[in-house]
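A.B. asks: Below, each chain spelled out in residue letters.
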Amino acid sequence: MTENPNANGDEHNANAVPAPRDTGGEVIRVRKGMFGANNGGDTSGYGGLIRTVTLPGAASRPYGGWFDEVADELEGALEEQDLLPANAIEKTVVDRDELTFHIAREHLVQVARTLRDDPALRFELCTGVSGVHFLGDKGRELHAVYHLRSLTHGRIIRLEVSAPDSDPHIPSLVAVYPTNDWHEREAYDFFGLIFDGHPALTRIMMPDDWQGFPQRKDYPLGGIAVEYKGAQIPAPDQRRSYS
Amino acid sequence: MTTPHATPRATTEGTVYTVTGGDWDEVVESAVKSDDERIIVNMGPQHPSTHGVLRLILEIDGETVTEARCGIGYLHTGIEKNLEFRNWTQGTTFVTRMDYLTPFFNETAYCLGVEKLLGIEDQIPDRATVLRVLLMELNRLSSHLVCIATGGMELGATTIMIYGFRDRELVLDLFELFTGLRMNHAFVRPGGLAQDLPPGAVDQLREFIKTMKKNLPEYDKLATGNPIFKARMQDVGYLDLTGCMALGATGPVLRSAGLPHDLRKTDPYCGYETYDFEVPTADTCDSYGRFLIRLEEMRQSLRIIEQCIERLEPGPVMVADKKIAWPAQLALGADGLGNSLDHIRNIMGTSMEALIHHFKLVTEGFRVPAGQTYTAVESPKGELGVHVVSDGGTRPYRVHFRDPSFTNLQAMAAMCEGGQVADVIVAVASIDPVMGGVDR
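Protein chains in written order, with this note's numbering: chain P, 1 to 243; chain V, 1001 to 1440.
Please keep in mind that the hints were generated in silico from the structure rather than gathered at the bench. Computed from a predicted structure; not experimentally measured. A portion of the hints provided could be inaccurate.
[Said to hold, decoys possible] Taking lysine to aspartate or glutamate and the DMTMM-like style, the derived pairs with C-alpha atoms no more than 20 Å apart in a straight line are:
(1) Lys-1265(V) x Glu-124(P)
(2) Lys-32(P) x Asp-1220(V)
(3) Lys-1230(V) x Glu-1278(V)
(4) Lys-1213(V) x Asp-1122(V)
(5) Lys-32(P) x Glu-1364(V)
(6) Lys-229(P) x Asp-167(P)
(7) Lys-1033(V) x Glu-1063(V)
(8) Lys-1265(V) x Asp-97(P)
(9) Lys-1323(V) x Glu-1296(V)
(10) Lys-217(P) x Glu-1084(V)
(11) Lys-1322(V) x Asp-1122(V)
(12) Lys-1210(V) x Glu-1296(V)
(13) Lys-138(P) x Asp-97(P)
(14) Lys-1323(V) x Asp-1122(V)
(15) Lys-1230(V) x Asp-1220(V)
Only chain P is shown next, with the shape it has when bound in the complex (with noise of 0.2 Å):
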């Protein structure tokens, strides 16, 4: 966490108080207008209205709470094999409370080994990995997001890793977590993820002949409109969205 090219506090701040959050965090969207309507016809004077939306950006030392024991027990464990955790631990960000790791993809399965073995780490539970699609995330569209539980010591953490679209690969971590073999067709399944080393990444909810990867933003819901007393209800997705 030595590098960290979005934070903007002081480094050696040495206050014992979790660093203030960072405003530097990713692009994922940028909204214009405010009641939904994007063809024209927004009267409401709002429809010039452009707000960048970001996630919570890079924390800075310390982090609080038992967030520092455990970034310095990974970065301690990860030098000791030779690799320099700036290269693997891309940022690490604290949000709600939450302590999150965001990995490069090519270091994913070494940093899940190191927290499951190492005897101050011992995330043993791995709940499973989540997808997410930032369309607006240019670069880094696709996420993986995984949940760490350390039943040893009762804390949980969690690793995100993103990929492009255009090169949507994320190593396996099967042979790490062998729990992750469902949720990892599951994620491959809706966001078209795919986990290089998984034994046999096929569809597991969709039919095995499915075109397209449903859960990613740019895919449709489907629907149809319906009529109810005489009015035109349109498809959930055709309706307006205050977002």
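Use these hints to put chain V onto chain P, whose structure you have.
C.D. replies: What follows is chain V alone, placed relative to chain P:
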């Protein structure tokens, strides 16, 4: 050999028979005739003992299962995708339908996640939290009762089935009284609950506890010491601690391997750390141990419910923040729970501001600050985790449910391979998978 029920057809994989009734003898006969003794049996997806639409693909050699695989996805309904097109409050209506036997766990886990993203965990009224615990523990009872009932039925013990569903009905009656619905309640909402308990609810609850204290020992008398029951369950569906950890199994499966891991104790939520209860374990790693654990957990749930009743203080059940609290008032009408006509008359007739506010919140919803969170609750089946991502809008950007049924079902192969065909049913029943949760 052709019969209307088992017509053979040649495929690239060998001869395939579709067996639909009591024509097993003919299939076995023809299998004996052929030189290849390897038979692959498709069990399900409409088999009555597979808890819904689970397809088991078994490679059997005689009576022994040499390989077992699951085919899932027959009940996939795209709930996670649908959530992304509804506002945050509407989300509970969807998630309650995931694992339909544990609706309150799904709702509470989801709402805890939304509340954490909103940063309003401290503002949730105490009464709402106590009621959430109460509903979850009642729900644990009903879920375990179904597990024991259907598990017993699959062994041929129809009495257990009748008893289990009889007692579950009592829980569902309570749910109906509290929420207006027996299932799919959408009662827990971000910020609190849809409404308060109706008059007379606590008395009914006390009556229920009394009845359950009388009924629960019946399962012990009927099954716990029963030699046939034990012979069918003991050492069946074996999965030790190493296997559980590797396969991510949680809940009764993990506790039957001797580890007292229960999120209510290890990572408490909803104030569980202040309740007095125990986490039962077994060291047998088998179906019988899981059965005993479920029985004991029901007794512990009754203890928690009693403590909840003592803690129920009058007060609000929804956050005070009117920018989040769902504005509608509900009333129980002759046809179930619906809008309160008095409330509608009030906002439509007397207060323009209330009407605008109502309209904005219902059509647009509230915004949730961008970020992500993971909240987990101990459902009757194990760790139910919810990963909620917000992009700062009025709709969830992504909601992922880590359903314990889904994860635990992976252990099916490890539990069944090398065992008897008849034991597959017992092993799967001891996992207690609910396909609504597995497939979502």
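A.B. asks: Hint by hint, note whether the structure agrees.
C.D. replies: Evaluated hints:
1. In summary, the hint linking Lys-1265(V) to Glu-124(P) is supported, as the alpha carbons are separated by about 18 Å, within the 20 Å threshold.
2. Between Lys-32(P) and Asp-1220(V) the CA atoms are separated by roughly 63 Å; this puts the pair beyond 20 Å, and the hint is violated.
3. A threshold of 20 Å between alpha carbons decides the hint, and for Lys-1230(V) with Glu-1278(V) the separation of about 25 Å lies outside it, so the pair is violated.
4. For the suggested pair Lys-1213(V) and Asp-1122(V), the alpha carbons sit about 35 Å apart, so the restraint of at most 20 Å is broken.
5. Between the alpha carbons of Lys-32(P) and Glu-1364(V) the distance comes to roughly 16 Å, so the proposed pair stays at or under 20 Å and holds.
6. A hinted pair counts as satisfied when its Cα atoms are at most 20 Å apart, and Lys-229(P) with Asp-167(P) does not qualify at roughly 48 Å.
7. Between Lys-1033(V) and Glu-1063(V) the CA atoms are separated by roughly 17 Å; this keeps the pair inside 20 Å, and the hint holds.
8. Between Lys-1265(V) and Asp-97(P) the alpha-carbon distance is near 19 Å, which keeps this suggested pair within the 20 Å criterion.
9. With a C-alpha separation of about 43 Å, the suggested pair Lys-1323(V) and Glu-1296(V) falls outside the 20 Å cut-off, and the hint is violated.
10. At roughly 9 Å between alpha-carbon atoms, Lys-217(P) and Glu-1084(V) fall within 20 Å of each other, so this suggested pair holds.
11. Simply put, Lys-1322(V) and Asp-1122(V) have alpha-carbon atoms about 16 Å apart, close enough for the 20 Å limit, and the pair holds.
12. Proposed proximity of Lys-1210(V) and Glu-1296(V) is supported: the alpha carbons are some 17 Å apart, at most 20 Å.
13. Proximity of Lys-138(P) to Asp-97(P) is assessed by CA-CA distance (about 27 Å); at most 20 Å being required, the pair is judged violated.
14. Proposed proximity of Lys-1323(V) and Asp-1122(V) is supported: the alpha carbons are some 16 Å apart, at most 20 Å.
15. A C-alpha spacing of about 12 Å is found between Lys-1230(V) and Asp-1220(V), which places the hinted pair at or below 20 Å, so the restraint holds.
When the structure is compared with the earlier hints, violations turn up for hints 2, 3, 4, 6, 9, 13 and for no others.
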